[in-house]
Amino acid sequence: MVGAAIGPVAEVAVAVEPGATDAVSPDSAATEISYRARWSWDRVTWGTHCLNCLAACSYRVFGRDGKVAFEEQAGTIDPVAAGVPDVNPLGCQKGSAWSAQLSSEDRITHPLRRVGDRGSGSWEEISWDEALTEVADAVIDAIDEDGPETVVFEESVEGGLLAQAPFLRFAALLGAVTLDANGLVNDLPVGQHITFGKFSCASTVDDTFLSEALFLWHSNPGYTSIPYHHFITEARYRGAQVVVIAPDYNASAVNSDLFVPIRPGTDAALALSMCQVVLEEGLADLDFAMTQTDLGLLVRTDTGRYLRERDLRSGGAEDQFYLWDAGHGLREAPRATLDLEGLEPEPRGRFEVTLADGSVAEVTTVLALLEARLSDYRPELAGPVCGVSPSTIHRLAELAASRRSKILEGFNTPKYYHGDLMERAMCLLLGLTGNWGRPGTGIQGLALAGLDGYLLFSMKTRKGVEETARIMDGIDQAMAAAKRMDPDATDEMLGNQLLTMATSSGTSAPPVFFNYRHGGWRASWNRSEWSDPAMSKSFDDYLSEAVRRGWWGGIARPGSDQPPRVLFCVGTNPLRRARGGRGPLLSGLWPKLDKVVVVDFRMSTTALHADLVLPVAMQYERVNVQYPITHTLRLTFSDAATPPPGEARTEWWLFSALAKRISERATERDVVEYSDGRRQDRRLDLLGSQFDLDGTFASEEDVLDEWIRDSADAGTLPAGSSVDTLRREGSVRFTGLGMFSPGLSVAADVEANQVMTAFSWHVERSLPFPTLTRRAQFYIDHPWFIEADEHLPRHKEPPAMGGAGAFLLTSGHSRWTVHSVGMGNHRLLETHRGQPIVIISVPDAEGLGVADGDTVRVRNDHGAFVAMARITPRVRPGQLIVYNGFEPHMYPGWAGTNEVEPGMVKWLHLVGRYGHLRYLPFGWQPVPADRAVFVDVERAESAS
Amino acid sequence: MFTYSLAGLQLKEAETGPVEVEENETTARSGLYQVLARFFNPPDEDHYDRARDGLWAKEMAHAATLLPFAFEVGEAPLPEEVDPAGWVAEHDRVFEAGGAVLQESRKATDADAMVTEVRREYDYFGLGLDGAALPPDHLSTECDFMQYLAFKEAATTSDRLRTSFRRAQRDFLDHHLVGWVPTLVAEADAKEPIGPLSWALGRLDEFVRADHAYLSTLLAG
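Protein chains in written order, with the numbering used here: chain F, 816 to 1759; chain B, 101 to 321.
Just so you know, the hints here were simulated from the structure itself, not pulled from any lab data.
Just so you know, even glycine gets a beta-carbon here, dropped at the ideal spot from N, CA and C.
Check before you lean on any hint, since a few could be wrong.
If you only want the chain B side, here are some residues facing chain F, beta carbon under 8 Å, derived [to be verified]:
#, residue
1, Arg220
2, Ser258
3, His275
Here are the simulated DSSO-like cross-link-like pairs (lysine-lysine), alpha carbons at most 30 Å apart as the crow flies [stated by the list, open to error]:
#, chain 1, residue 1, chain 2, residue 2
4, B, Lys207, F, Lys882
5, B, Lys291, B, Lys207
6, F, Lys1407, F, Lys1475
7, F, Lys1475, B, Lys291
8, F, Lys1275, F, Lys1475
9, B, Lys207, F, Lys1275
10, B, Lys207, B, Lys112
11, F, Lys1475, F, Lys1410
12, F, Lys1298, F, Lys1275
Here chain B stands alone, though its shape is the one from the complex (with noise of 0.2 Å):
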């Protein structure tokens, strides 16, 4: 069985529907938004050793089982002589300061709208973002949607519901992540990430392609 697990948006009144789902190609799509919501949140100790003993790419291994469209996880082993507080700093010096950005409006013209424009989305599918630790713009919540909706298409007994849902997804990646992955990864890329790090922006920037070609055919369908 497959669950959902928001890591910064919280719903806003009690879930409705069911909470878990048999595990089939939409949950799969599902559980591959989580593993990247959570891979980039800011690291703490638990990230990096999962980045150590290469978890990560197990759980988005594990989580890809069953994906509608071909997808390969490969993986990539963390060097030996960065500790805790180098990893940290290392995804500082990626995302931080003169690098990368991991919040969508730094690269908008009107920031404080594109905030106002996500923010509202999650609203309308009953996601709030009361006491977050991440902005609403930040990659890792904005996979945190992705990972909500698909759940809910996976969840959901109505087909009416199950498109709007499909729909819902679609049109995020392509007013968000469709749109700014890409120049994000190419910014991170040109810091020389290592491993770990270089190897997530990979999967992400190629799962967001796959996921948006494939949710566009079956919608189109």
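Isolated chain F, as found in the complex (with noise of 0.2 Å):
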């Protein structure tokens, strides 16, 4: 297509006529044919950003000349239900500015090597020739002198599958270390966790506008999910309720129709005590709570443990759990299913069971001991606790109960300390209510489904529909195996199983242990008056516990006798990112570390600290998909609309390249053969060849057409799906969400012309849960839950993490950036001050005598950091907010926000092998804290 968007440029001419008082001027003119000219193109091309905003915006991409010109929201989507808006038109400013960081100032062209010391600045551009050999040897080192575990990379969830899927490769073959995106970044609902066993309760968007009461509970959509936010308006438009629950009159707010405003933290206090007046009221949907929870489970109550078939019967089974039958007494919870078949539990009371050795035990429903500990949170005591009043407590109960409630929860909640209670009691009032599985209910989580093939590529041996068939069979019979062993499981459940199978075998490992043995974490966590109180010993003790009860079996890699050699940031910034700061990354990691190498587009904080940095292309200047998730369901495309610049390359072209000069060096050197850490042996004068098979994929247009076929032939893109379809069509609408677990997780049909609901199959077809009751599970007996009296969802106040401040720091996304992508795009920059912002109340700024535009310290016990402040009444005295993503090289002295946040970990996470609190990749994990960290504040000028 070739055409203006206003108008060929050769006919917008001006008369002037002479004498004309109104005549446009020549200059005005020229004005106007300069700025038509800009809007004029010669080809056009699809592109989406691939963001961790997870956003998936269809564009469209006007070239001119060869270079990209602008872009526009491209709005094409097909309405999917009938009443139901569509998802158009999909994006925001950061897509819409998109184009104006290709030439932006922190583009990275040619490789370059560090020549003075880390951080110095001081750089020389080499040649590609020469980076591969540097980092080919630095890793042919590591791994002849310390094993492959010793080259580790940060997995990545920015760039999109094609920016992520190169060094994930490269890295399994290698038999290196990749540390869990979600540990690191800790977009993780442990609580979610911790109810459902999965935190992929994950409709499509388009479920916000079946929902009649909306709770934007720990989100600000209003900035951080703009494409998003006209569900929420029109769902309120149609009659739903909209209520926002935050400490800051926050962007959200401003379109709701109740803010709540609630001291920071205590949002276990509130949901809890919602809980309390449904309850209390006669307002809870028992018949739900009962199915589809563990609420009618008995619980011993001598031992505080569920009863179990071995309690019962030598020989019994651990997993088996019981009900009390009104007419008939005990009685076995079924296990294959939630429908309770016939069964009529009681839910309260206090029952006596005989028990395998002859004694009479009593036992109790988790409903009756959930409610003795909720009579600790009725409004009136909870209100003081959380700030909001009984009566408004009172109305927020009878809303979330009489209507089809969601809880739009984004990923701030697992960032707190106690996040997870807060999850679990958000869960808790969804379940008494009747709130999930059902269209417009449900508490908001995150699912990567759908593309299959994207997961089978890493198995295939050989290009093609033949290869794939041969590994989907293999699946379906281990899937079979896994079934006759377990004939009640669930596929989601045989899913899981072979999905930790595939785990003990794999590269990804938690980087908890990799923070504590090898970066320098250890001493904080290990501080008990940043900790939680209820810590009856030191976190070295929990964790020593958790490694020595082989929780952790075989993932917590590198071990302590093997420290990182090299570090790869392919797209990630820790230095940035990481809680914590520079203290545990450059003081703790850096020293370790032959060659840290970082693969970017842009300059980062990281990469000002490597020593190698290598350039890739930016979204329009090579292929990508988005992240495929729920949200849209459907997969996203992003094509080359013009080169990269310079010697920017693409993450498969590098790794390929590097994979390939690996194995010539390694064969020069005479160093082939290795074992690694599982005893498996491997050759790296393969490495090349294994990589793109012989040069079968050659190109990632050729992984991601096989990605793409694989699905259609998987069943979960329309047949005959290409990267030519896609290229035509822009974004392709799932018709499935696979045969692995991230999409059995969602637990819902995909239909055509339907709104999909996350967890209806639990409530329409009562498949179980993949918990260890396989129920919503509300009561965790582990004893160190029980040492923490969080057996069950109780309000825990934020420990004192970096010390006793007087003010409460929180983040939250901002508006301008994903996190640190934009900040180098001067069109955002100029959307707001362009450099870093503390935002302080109006009253706490006077009390402080800082004015709006004043530089201010902010510090702790940890660290300090230099920020301008930001006067505003809609922050709460006692709170500051610094909304994430500013760059550490933004601030004075490269001292970022993350420098006052110790980074701490709850200890209660490093339990394993419980039920479904066991490691999978992107689940279950300690992971850090950064949310509700104690600070003070002044004005820099007086600081001392």
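With the hints in hand, could you dock these two chains into one complex?
The structure is reproduced here in structure tokens:
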């Protein structure tokens, strides 16, 4: 297509008659022509930005003279369900300004090698040949001397699948270690996982429209989900009540029916108080709760543990639980279904059972224990804790119980130390009110699903459909074998089992152990005054016990005796992201590393501290697809509209070339064979040919085409889909969620003309949850949870992370960038102050003598940073906000906000091998906290 | 027993499955495409001899014996006055300069993209065109591909692969042959080709439609 948005440039001519007073001046005519010329084009391609907002917005990218001229939201997606708004136009100002960043000043266009000290800012341009050889030799040295586990990659969630897949493939072939992305970024809703055994209550975004009450809780979609925000407005127009629960009057509160200002970190108290009202006032949907959840299961009052079959019979099962049927007394809780199959469990009461040894034990129900606990959260007691009036708590509880309610939760909650308790309480509210698995209900989660071809690819040794079938048949057989071992298990559970097995031989490792052993976090994590007061021993002791008991066996890599040698950061930026700031990394980890290799398109703070920086293409300069998630249920394509600048290359090219160079150098150096830590024999001389299967997958487009075709073959994309059909259409709706556990965990059907509601299989088909009890589980009878008094949801105040400062520092994602990716984009920088800001309330500012625009120092016992103060009445007194995304190099002394975040890890999350509390990639694992850090603030000029 | 015989496409790796199978309704479909692929190759002396002796119709009739749907083969004799050179000239008149074109991309808005697309399609199924005389989007090549897919459908013992191959045929017909063959035939018919050419074009048109309908029904069921 060739054209112009307004009209052909040549036709824009303005007549200027002499003497005409209202004539357009020649200057303005030229301006108009020039302006119109900006909006002309000679080529149109599809684009998306593969950012970690995880939106999959389809854009039209207009090119002129081989360069990108501008982009526009495409808005071409068909409506899905009758009477439900479509997702169009998708997009936001970040995506619409993407092209401005292609030529930004922080672009890296040539391989760079450090010539001064790390972080000195002195670089020399080198050739790819030199760069590849240097990296290859470092990798070979590390493998030869200390094993492949000393080559470590940070997993990435930025940049799209074709930025991620190449290094994951490379790492897998090496036998290296990849640090679990979710353990790094902490987008892990731990409380959802504790409750459901997963956090994939991830309906399509249009399900929001079907809600009757929307609770925007720990989320600010007005900033962070701009493409989807219209569904909230449309639901409200349809009659839904929109409630915003947040400490600050955020952008989303502006358009709500009810804004509930809450004291930071006390959300569990509020949610539990709502639960108390729901139960006390008889508003609970007990039929739903007794079938879907563990509230009817029996617990021994003497031990606090569930009553299990092994209690009743020698050799009995560890995972058979019990109910007390109104007519027949003690009965096994069904394991193969949530349906109670005619049982009428007593919700409350105390009963006696005879144990295997003949003794008698008292049991009661989880609900009875819960109600006892909730008595501490009556509105008049909880109100002062969370700062919400009892009458408002009543109102909120009645709203949730009387309407199809959905909690729109972001990934803010998990970043609180006790975010798990908050989420468990939120889930409890939904469980008591019948609010999941039905249209317009649930709690927002995340599921990477649908692109089966992506997951199959790593198993392929040949191209094509026959190889695909061979692998899928193998998976079917493995699933069938697992099913024979556990006939009651659902496909989701079997998928998890297979994933667990695969993990034990894969590269993925939870980063907590790496950071503890090789980073510099151990000292912080052992500071008891910054931790949970419920801990009866040191963090060291808990971690040692968890490791000793084998809860993390085989995946806590690399071991203490294997310090890392080479670190790859492919599109990741730990020096900005990592809680703890520079200290744990630059003082703890960096000195151990022979080589820090950053692969990026821009000079991030981490790149500034690297040994080698390797330039890669941005979106619009390469082919890519956004991560497939269920929000829009679409696979969205981004084409190469223009070549990458200078020597920038794609990640596929880079790691393919590196694999080949390693093979060459290994052969020259006679370092060919080695065994990895799992005693698997590997060969470096074959690495190059293994990477691209002897040239079969020469380009990333070849790879993408294979993923799409295999996905179509697996039935998750329309038959006949290919990279060519995607290139024509821009995006395509998934037809299924796939045969792997990430998709199965959504527990919902994909229908062509219907909104997808997560967890509908659990409600409509009574399929059990993948938890220990096979029900949504609110009672966790692990000894550590009992020790912490967290066997049931409760509220705990945020621990004094950082010290006894007078202010609580919270955060959130900014409106202006997705993490730090857009911080080099001048067009976006012009939409805000262009530098880091600390948001302070008016009364606090007055008390501190700080004016808007002043420079302030924020400090605590962990560190300090300096930034500009922004004074606003929308923040509550005692709260400070610094939005996520500013690069540390934008702060004086390159000391970013993370300098004051100790990055504490909740000890309880070291539990493993308890039912569903066991590691799966991107799932259950300890993650660092950064919200609700205690700090002090002062004017920088007066600071000592 | 039936085996496939590729006229232009080549296996990229040695065949790992059976190379011949008992004749059945699926090999019949493969056989039909095999005849069509060879017929629409540029004619040579052997091609002329077959036209003169009515062997094209006989081969097609033999191939069609076990077809799972009704398909009338018929025949059309070559006029006696047509010699080998005349046969080539007639082919050129109908399909070359100013006539219908046997390459799908000639009608595509983006010919390069279209050719890349079919190449990738072949590649996914293990076929290549290194050194082939005909381009990837030539009618003969596309029929060749259909022949191979139908054979693989007949040869596989895997239910999953059978469905995959069947779906691939339906999709290839959807995306390619069903779309452009009617136009090709109409344009060629406008040139009033002589008997065997007219006959083959008619058979091509009818078979592609019938096979597409058959596969769609099969997959829907």
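Going through the hints against the structure:
no.	hint	in the structure
1	Arg220	6 Å, holds
2	Ser258	6 Å, holds
3	His275	6 Å, holds
4	B:Lys207 <-> F:Lys882	29 Å, holds
5	B:Lys291 <-> B:Lys207	18 Å, holds
6	F:Lys1407 <-> F:Lys1475	27 Å, holds
7	F:Lys1475 <-> B:Lys291	56 Å, violated
8	F:Lys1275 <-> F:Lys1475	19 Å, holds
9	B:Lys207 <-> F:Lys1275	36 Å, violated
10	B:Lys207 <-> B:Lys112	29 Å, holds
11	F:Lys1475 <-> F:Lys1410	19 Å, holds
12	F:Lys1298 <-> F:Lys1275	25 Å, holds
In this structure, the hints that do not hold are numbers 7, 9, in rising order.
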